[in-house]
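Undergrad: So the protein lines, in turn, are chains A and B. So in numbering that gives the first Met the number 0 the end of the first sequence lands on 140, straight run, no missing numbers. So in numbering that gives the first Met the number 0 the end of the second sequence lands on 273, straight run, no missing numbers.
To be clear, the hints were calculated from the coordinates, so they are not data collected in a lab. All values derive from a computational prediction rather than experimental measurement. Ideal Cβ placement from N, Cα and C applies to all residues, glycine included.
Listed below are the simulated EDC-like cross-link pairs for lysine to aspartate or glutamate, each with C-alpha atoms no more than 20 Å apart in a straight line:
no.: 1; chain 1: A; residue 1: Lys78; chain 2: B; residue 2: Glu52
no.: 2; chain 1: B; residue 1: Lys118; chain 2: A; residue 2: Glu104
no.: 3; chain 1: A; residue 1: Lys44; chain 2: B; residue 2: Glu46
no.: 4; chain 1: B; residue 1: Lys123; chain 2: A; residue 2: Glu104
no.: 5; chain 1: B; residue 1: Lys118; chain 2: B; residue 2: Glu96
no.: 6; chain 1: A; residue 1: Lys78; chain 2: B; residue 2: Glu96
no.: 7; chain 1: A; residue 1: Lys106; chain 2: B; residue 2: Glu96
no.: 8; chain 1: A; residue 1: Lys44; chain 2: B; residue 2: Glu45
no.: 9; chain 1: A; residue 1: Lys106; chain 2: A; residue 2: Asp58
no.: 10; chain 1: A; residue 1: Lys51; chain 2: B; residue 2: Glu41
no.: 11; chain 1: B; residue 1: Lys53; chain 2: A; residue 2: Glu135
no.: 12; chain 1: A; residue 1: Lys51; chain 2: B; residue 2: Glu52
no.: 13; chain 1: B; residue 1: Lys123; chain 2: A; residue 2: Asp58
no.: 14; chain 1: A; residue 1: Lys78; chain 2: B; residue 2: Glu41
no.: 15; chain 1: A; residue 1: Lys84; chain 2: A; residue 2: Glu68
Computed, partial: chain A to chain B, Cβ under 7 Å:
no.: 16; residue: Ala28
no.: 17; residue: Phe32
no.: 18; residue: Thr40
no.: 19; residue: Val55
no.: 20; residue: Val57
no.: 21; residue: Tyr76
Here is what each chain is made of, one letter per residue.
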Amino acid sequence: MKKGISEIVAILVMLLIVSSIGVIIYTYATGYFSLMSSAITERSKLDINTIKEKFVVVDVIINKSNNTEICAAVYNYGKTSIILKSMFINGTKAITNEEEILPGEFKWFNGTINMVIPSNTIINLKVVSSLGNYYETIIFQ
Amino acid sequence: MKQLYSNKGVSTIIGSMIFLSIFILSITAIIIWTQNYVNYAENIREELEFMIEKSREDLIINSINSSGKLTLAINNPTSQTIILKQIWANHSFQLGEWIIPANSLVYINTTLDYVNTSKVVTSKGNIFSVIPKLEGIEEGIVKKGKWYVQWYNLSARRVFDKNIGESYWYDLCISFDWAPSITDPVCGPYTKVGFNATTRIIALSSKIYINWYVGEECRIIVKEIGYDSDWQDNSGYVELNVTQNATYTITILYSRWIGRAFLTLNIVNADFAT
Chain A
0 MKKGISEIVA ILVMLLIVSS IGVIIYTYAT GYFSLMSSAI TERSKLDINT
50 IKEKFVVVDV IINKSNNTEI CAAVYNYGKT SIILKSMFIN GTKAITNEEE
100 ILPGEFKWFN GTINMVIPSN TIINLKVVSS LGNYYETIIF Q
Chain B
0 MKQLYSNKGV STIIGSMIFL SIFILSITAI IIWTQNYVNY AENIREELEF
50 MIEKSREDLI INSINSSGKL TLAINNPTSQ TIILKQIWAN HSFQLGEWII
100 PANSLVYINT TLDYVNTSKV VTSKGNIFSV IPKLEGIEEG IVKKGKWYVQ
150 WYNLSARRVF DKNIGESYWY DLCISFDWAP SITDPVCGPY TKVGFNATTR
200 IIALSSKIYI NWYVGEECRI IVKEIGYDSD WQDNSGYVEL NVTQNATYTI
250 TILYSRWIGR AFLTLNIVNA DFAT
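Build the full structure now, drawing on both the sequences and the hints.
TA: Take a look at the structure:
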């Protein structure tokens, strides 16, 4: 009788241990797979948005006083909205405000640098979006 | 023993369920990953298609001064419809949607003031510069593999007054000589004639040479590189720096008023674009 009880207890304990380990593995696997799936989905979405983002600088106005202000007309010809983050003028980061442009629209994106660019020089203008895409153009003053 | 077997059955069921759950989870995850990659690949394919369509867009645009306002004569030589979204004149712009059907010529009257430097932006993000129309001359229409020639009666030297017809030349080199002192009509009833010949050429080298021997005058314009020889008489040549395998639009203007009418014009390192 004693033997029988200990056998049942041992089986129950074994069941408990195996079930616990199984539940732990299951919980870990669930967390791992859901985390991986959402990460890959997010990454995929980001990659798709990045390749779908399309914009072009169609016109540029340069204003000079104590500093140089560049107004770039940016046209979004893609199917997703873009957020313009920064502007580089001859490699120098300009002071800008974030600008969102809807598909098919264009907006003026302004940047200022604290230096005066001499006349008759070439300006290298680079406009960068929040997803890291950029459009680079050369302006002859 | 029966109880022992029964317990073994329970743990087998529990183990199998856990295994099956994890298996289903992993399969689900694999399906999700695969679907994401399929979506990504599909988007890349769409983008590549878009880029190909974008690179096929081409327009030949002349600006016309219509009582101080800008009018555009837009020739679409491609086989696809092009949609214009913006017209820029200096730093002023007009927004809209203008459809330019394939292989057609469309005139657009704008509300913008006429300026020499203007441009248009297409729905696919291409920007095309506009060149001013030469006074008194119809804009050249480009045909593949031949010269498209528009003939004019001159009201004065170099003044292309009345369009009297059109023809084609199938040789890239132009050569004619209408006798030393022609008084008979050279083109219908007209003796004072000029023409505007346009074609598309492909550069076979990084340098193109154009030489001419003309009586009375000719003028050579290469649109893409902004070359304009102005009116030339007698003989001469020009060396143009171009991009190999790139396509260029070339226009030859010829004016014969009273002198001997002849022209030999050769284009070296080029062929008709097809």
